[in-house]
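Peer 1: Residue strings, one per chain:
Protein chains: 2
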Amino acid sequence: MSDMIVQAQAAKIASLRMFSLSTEVKNRALRSIADILAANSASIIAENDKDLLESDKTGLAMPLRRRLLFGQKKVADVIEGLESLILLEDPVGKTLLSTRLDEGLSLYRVSCPIGVIGIIFESRPDALVQIASLCLKTGNAVFLKGGSEAANTNRILADLIEKASIEAGLPAGWITLLESRDEVKQMLAFDEYIDLVIPRGSNEFVRYIMDNTHIPVLGHADGVCHVYVHEDADVEMAKRIVVDSKTQYVAVCNAAETLLIDESVAETMLPELAAALLDKGVELFGCDKAAEMLSINKAQDWHTEYLDYRMSVRIVSGMEQAIDHINQYGSGHTDAIITGNQPAAERFMNAVDSGNVFWNCSTRFSDGFKYGFGAEVGVSTSKIHARGPVGLDGLVTYKYKLFGDGQIVDDYAKGNKTFSHEPIC
Amino acid sequence: MSDMIVQAQAAKIASLRMFSLSTEVKNRALRSIADILAANSASIIAENDKDLLESDKTGLAMPLRRRLLFGQKKVADVIEGLESLILLEDPVGKTLLSTRLDEGLSLYRVSCPIGVIGIIFESRPDALVQIASLCLKTGNAVFLKGGSEAANTNRILADLIEKASIEAGLPAGWITLLESRDEVKQMLAFDEYIDLVIPRGSNEFVRYIMDNTHIPVLGHADGVCHVYVHEDADVEMAKRIVVDSKTQYVAVCNAAETLLIDESVAETMLPELAAALLDKGVELFGCDKAAEMLSINKAQDWHTEYLDYRMSVRIVSGMEQAIDHINQYGSGHTDAIITGNQPAAERFMNAVDSGNVFWNCSTRFSDGFKYGFGAEVGVSTSKIHARGPVGLDGLVTYKYKLFGDGQIVDDYAKGNKTFSHEPIC
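Read top to bottom, the protein sequences are chains H and L.
For the first sequence, this note's numbering assigns the number 1 to the initial residue and increments by one for each residue that follows.
For the second sequence, this note's numbering assigns the number 1 to the initial residue and increments by one for each residue that follows.
Chain H on its own, in the form it takes in the complex (with noise of 0.2 angstroms):
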């Protein structure tokens, strides 16, 4: 317990001189972190194949084993994403708000790091490096915590990060790699030193950590995203979209898991969309309507994440009946409409309470590299501080700045001075 608050505390110790940190430092850090990859690249992929020979013993799950692998190309890729990530543009010490509040008294809104945050991953090793360096460039002291499977791989990631980092002038302490589960557990107690807890990972395991901790939790729950054919939707652009909503990537949280349609269309239409589904092998389940229509089984419920080719269908009444689905059973990550009806898809975009709400297009766009954020720090399906795909700027926050020449309230609540409240150009 008392290393895990001395660590806690170095941490804290080390967010306060990170405030100041320039630029040119924090890239050159980056670039440290790149060469000092590159050339330990066989030393990281020796520690790899210790952690791969032991998942073969305990057996660990294919999906999971390819996960692990961490061979030269993906060496290769996590140098490429440090070298696009120097080029970014430094998201501390940018100007959001300026206002002249009198002569002389210039308040600025700046933002800047939020301290220490916490980081709980799955089991790619890939994303330690990734998490770690989107954390130096935001100024951002870090605690992590990547799968078990790992931790021979994270071990000499974090070990190699650490020591290029420090000596190119971070302070020491910004990073911990955490290792075990009580390790995590006891971090989750220090809201004293921690700023913000971001697990990725299962539901329940999100689940888990916000019931378990009174740091800010900035959750991804689970992705049950909709596509919904709206009646007047072209049936040509609904199957295109639905097809590659559902199976472009099923895997992923912003694959499609429900396609809502209207009653009115559903004759029509419903049948191509279906064909089109069962000729990527997706299985479909059915409200009573749908199953009786395409001769499929029943869905057994409306909030499953199938993560699979697997879709359930449900022919609504129309717009209001599909809303009130997707607010009722949906996980607010993404939805869409399909439609060539303007009004109907504004009122569709502003009454779905989701992070992304999407009019003729794949719901597998909501992404922060296809939002062109440059970086992705995950996907939030929070409501507060930052939602949907969350760039660099979900690990900043901001503070006020105000530059005055002598200013005492006393001046203005008498009525000598008062406030002009101007924009500053």
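Be aware that one or more of the hints could be misleading.
For identical chains, the list gives no copy identity; a pair is met inside one copy or between any two copies.
Said to hold, decoys possible - In silico DSSO-like pairs for lysine-lysine, Cα to Cα no more than 30 angstroms straight-line:
{"no.": "1", "residue 1": "50", "residue 2": "298"}
{"no.": "2", "residue 1": "73", "residue 2": "239"}
{"no.": "3", "residue 1": "73", "residue 2": "417"}
{"no.": "4", "residue 1": "280", "residue 2": "414"}
{"no.": "5", "residue 1": "57", "residue 2": "289"}
{"no.": "6", "residue 1": "417", "residue 2": "280"}
{"no.": "7", "residue 1": "417", "residue 2": "239"}
{"no.": "8", "residue 1": "417", "residue 2": "74"}
{"no.": "9", "residue 1": "414", "residue 2": "73"}
Hints were generated in silico from the structure; no laboratory data involved.
Keeping the supplied structure of chain H fixed, place chain L upon it in accordance with the hints.
Peer 2: Below, chain L without anything else, positioned relative to chain H:
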């Protein structure tokens, strides 16, 4: 218990309807509330008289009784507040970012209501009108809990606001007044229906709320604000600012509690500063050196929020010790440096981890109205979501709207199309 669940579900449903409220309906509702309060001022004052009578029986402390009073003047004040709120720009539907991802595929980040907000506030009945109207303007459903001393006044105000707003087009269930602590306790468990809790009150109270809910909390801890007199300060300016920061209004969170001064100028400046404070009736408590120099008592600790004519004084070795002191003992609220040295001011403003960092002006300026926000929800010492004085934009979040004409991700994955990511002007 079941009653509260029904109310929470009704609030959630109302909040979903409120996503689509037009500016016109919202402003018409605010206008109707102003009118109904004006038309019923006699009844409101009669209900307030009941609360005042009860408070005489229970021997309510005089400052609390003064806050409880809701007479003709207060009625006029809240109506004026409503009128200025009508004039403020609608915080919902603002485009915060826009990017053309590709030909015909446009992304917008648009502000929108949060959903259902729970606000627990102090005894002043005018706070009820303010909070309800801020939530209405931002399109949020609200649970309100005021001080029990004001039960009768709060009841009639909430009833009138509900009646007028629903007649003007707001959905039933958008506003709910809670009348017991037990109901608050129940509300804190409804994280499924309530999106944000804003507690206003004592430090212990805010801490209690944070410790007893999984709903995100926009918290205001205490205000242990500092004025740091740097060695390059002008003594006359320092005197004016220290006196104003401490005494312009002692009972508020942005009043200064601690004076820090550089060792190198303590002998020349501190006696003058102390004399100016003593002259205003301020009792000083010092570090060992300051206590000896000024013949005053020693400070018991460095994190007490006096909210009174008392101030701690510490002589520091230089700016780094001042920064460390503030980051260790402050509450992240508002801290000022007095200096003629610009690089020193910049170093201080970057390194101090507070929501408001000031140069050469009084800490008393940190306030939503003085900042020109037109309305203030509270002052946040949280770092997440909203920090410092919170205006209407602290009661909204955002969603991403993506407008396409049939785009699918498969085309980009296969390289048939590429993203352009240009800002939309």
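Peer 1: Each hint: holds or not?
Peer 2: Hint check:
1. 50 / 298: neither (46 angstroms within a copy, 61 angstroms between copies)
2. 73 / 239: For residue 73 and residue 239, neither the intra-copy (36 angstroms) nor the inter-copy (64 angstroms) Cα distance is at most 30 angstroms.
3. 73 / 417: between (65 angstroms within a copy, 25 angstroms between copies)
4. 280 / 414: between (75 angstroms within a copy, 17 angstroms between copies)
5. 57 / 289: neither (49 angstroms within a copy, 67 angstroms between copies)
6. 417 / 280: between (72 angstroms within a copy, 22 angstroms between copies)
7. 417 / 239: between (65 angstroms within a copy, 19 angstroms between copies)
8. 417 / 74: For residue 417 and residue 74, only the inter-copy Cα distance (25 angstroms) is at most 30 angstroms; the intra-copy one is 62 angstroms.
9. 414 / 73: Only across copies: residue 414 and residue 73 sit 20 angstroms apart there, 69 angstroms inside one copy, limit 30 angstroms.
In summary, the numbered hints that this structure violates are 1, 2 and 5.
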